[in-house]
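Peer 1: Given the coordinates of chain U, assemble chain P onto it according to the supplied hints.
As a plain string of letters, each chain reads:
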Amino acid sequence: MTKNYFITHEIGSLAKPEWRVKSALGKPIGQSEINEAVLWAKTLSIKNDRLLSLLKKKNPSQKDKSDIKKWASVYAVGLLEKAGVDVVYDGEQQRSEMYQYAVNRSFGFVFRGLVRSFDNKYYQKAACVGKPRIKKPWHTDELKLLQNITNKRIKIPITGAYTIATWSFDEFYARKALEIGSKKALMEKEKARRAFVLDVARHLIRPNIKMLLEKGATWIQIDEPAATTIPSEVLLFVESFNESVKGLKGEFSVHICFSDYNLLFPHIERMENCSQYALELSNRDSIELGVSDSKRPGYEILKQFKKYKIKSRIGLGVIDIHSDFLESPELIRDRILYASKILGDPKLINPTPDCGLRTRTWKVAYHKLSAMVQGARLAENSLT
Amino acid sequence: MTKIKTFIHGVYPRSEILAQTTRDVERKRLSKEKLWQQLKNDFNRLYKLQKNYNLDYFEDGKLNWQDIFRPIIESTKGLEVGPLTRWFDNNCFYRQPVINAKLRLDEKKIAKFFPKPRTGKWKVTLLSPYAFAMLTKDTNSSFAEKLDKLTKLTAELIKYLDERGANIIQLNEPCIPYYKATKKEIDVFAKSIEILKKTTKNSKLAVYFYFGDSSLAVKTLNRDNLVDIVGVDFFKTDLSSLPKKLKFDFIAGVLDGRNSLVENEEALKKFIKEIIKYLKPEVLYISNSSELDLLPEPVARKKVELLLKVKNYFSKHD
Chain U
1 MTKNYFITHE IGSLAKPEWR VKSALGKPIG QSEINEAVLW AKTLSIKNDR LLSLLKKKNP
61 SQKDKSDIKK WASVYAVGLL EKAGVDVVYD GEQQRSEMYQ YAVNRSFGFV FRGLVRSFDN
121 KYYQKAACVG KPRIKKPWHT DELKLLQNIT NKRIKIPITG AYTIATWSFD EFYARKALEI
181 GSKKALMEKE KARRAFVLDV ARHLIRPNIK MLLEKGATWI QIDEPAATTI PSEVLLFVES
241 FNESVKGLKG EFSVHICFSD YNLLFPHIER MENCSQYALE LSNRDSIELG VSDSKRPGYE
301 ILKQFKKYKI KSRIGLGVID IHSDFLESPE LIRDRILYAS KILGDPKLIN PTPDCGLRTR
361 TWKVAYHKLS AMVQGARLAE NSLT
Chain P
1 MTKIKTFIHG VYPRSEILAQ TTRDVERKRL SKEKLWQQLK NDFNRLYKLQ KNYNLDYFED
61 GKLNWQDIFR PIIESTKGLE VGPLTRWFDN NCFYRQPVIN AKLRLDEKKI AKFFPKPRTG
121 KWKVTLLSPY AFAMLTKDTN SSFAEKLDKL TKLTAELIKY LDERGANIIQ LNEPCIPYYK
181 ATKKEIDVFA KSIEILKKTT KNSKLAVYFY FGDSSLAVKT LNRDNLVDIV GVDFFKTDLS
241 SLPKKLKFDF IAGVLDGRNS LVENEEALKK FIKEIIKYLK PEVLYISNSS ELDLLPEPVA
301 RKKVELLLKV KNYFSKHD
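Chains U and P supply the protein sequences, listed in that same order.
Per the working numbering, numbering of the first sequence is gapless, rising by one per residue and ending at 384.
Per the working numbering, numbering of the second sequence is gapless, rising by one per residue and ending at 318.
A portion of the hints provided could be inaccurate.
Okay, derived cross-link-like pairs now, DSS-like style, lysine-lysine, Cα gap no bigger than 30 Å in a straight line [unchecked claim]:
(1) K302/P with K121/U
(2) K183/U with K180/P
(3) K183/U with K311/P
(4) K69/U with K28/P
(5) K180/P with K184/U
(6) K270/P with K131/U
Rather than coming from a laboratory, the hints here were simulated on the basis of the structure.
Just chain U, same shape as in the assembly (with noise of 0.2 Å):
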């Protein structure tokens, strides 16, 4: 067995260093900003005089503001580079989140106001109101400097057809549907559905991937946090990635996440050109070691995967992103070993947090990134 059979990769975001935050704001960058970005160069062997210089300047241009964008990607990379991560990305640095980002750079979408998420959350809803369109290329800015700044291979999230569609209002396709109250309008609404989300597979996502293909990437990863919001529509999702994907020639993943994994079946048996299902476990499972049912109960769903005979490889997540507990190499080295013995070939395991870490500290992101790194060696050496 050779080294580094595990592979490791992140998921997406990390959370974003404070000057980066206040520069974007047109705050002032004060002294504990400055430390911070000093204290993780060192950390990370990172030369930063420039960064400093853009810091400390009193009244920074946009191109000076867009630099310090450009340097919260390089010390992301550095990050993930340093705790040992395989794949990497930069911790959607030069991204807002993964909704308004998206929306924002497309035809086709009105905001129309906060809606609440829970308790006292809102996010900004938009709705379709035209054929949706690219406005301005969602990634390719970032790819071409990430290519700049890192070796390693380079995986891109984006956020996936189905839950552009699920998190925005339709005023567009629904307007063919007006009718309500029979068998018929019931039946035209599910008709305009399916036409929105596919659509936005076929001119946002799909042109999407390929300028991104295009630019060099290998490994476009697709997010779909909504994938299971609606059951009856767990095939409609999978439709709209097939759609996004079709014709184009790379590697392509899905991670879905906080979702109820058992409505998956059988959809995704009719996935095509998915090569990994990065999933959130950790989250669901106990920290105590082993390798029994009872000490994994996390990892369950993988049986299912297993059952249908799922070929594609599993983005396994064994660190949990809503919580600073720092997992033990020992622990994620169990919890990549029991999944490798459910699903009976380690090669189809690549370890992987959770989710986005940005709601920690980069301290703590940086301490369960090395940890993941550590418990993949650790259960490589156990299968040797």
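Peer 2: Then chain P, alone, in the frame of chain U:
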């Protein structure tokens, strides 16, 4: 001759200012005093909206409710807040109620969550005990026992509201249609409603089904004196699948609470005519299909405005 009336039900969206104020208070940028002031403004605005659009009953919009359970949890001994849980197939979440002891309602705590309008007829929406039980965790009880506990708790709430002059108490029931309940399960639901009906002295009791096909539920409930008003979400139910002779007044959920597209006025009038022709209810209440909280407030306002237009049309064409 069918009489057309209008109202809204459930949680109404907070204004952007109120949403921002709640956030600022949480981050300690503003005092709680400011929040109460803003809440008061929003309550007044919502009453004014309902008055201006000539709605027949006024709801408070539950503007000070974090979710459909929280005030009940906070005002009931024996209930506590559990994990964040998805609200059916929507991109919004609630904190799951957990039963940890015998339930006892504290009326002093609950009062601020049911402000009565100064004028006009008062309507209140609650979640039905069946849905409450389905969505609540109680590791020490069977479903029947849990339903019994929550029916008693809801009865206390209904008694409280009935004594304070609520004209209509609407029990919203999403679980029966969403989970495609069997006739046997609907009978269990009906028994709980029967108990609650006996609690009301002056208020009318309404049951509203949404998030799924409700035809079996309406057929099963269609008997004398069980409940005063029944309603369905017409974005999920086929009119022709409902029984023709209704033993109750009827709520038509025809304003889509889950999509921002404002309904076409003509299509709406046409459909209401079909309802009248088919169901021939004595009173037909026109309303939203699900809680309007799933929409931004300016969109919800436009939808409520449609109620006025529809009502005016039918009052002229009586």
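Peer 1: So which of those numbered hints doesn't the model satisfy?
Peer 2: No numbers; nothing is violated.
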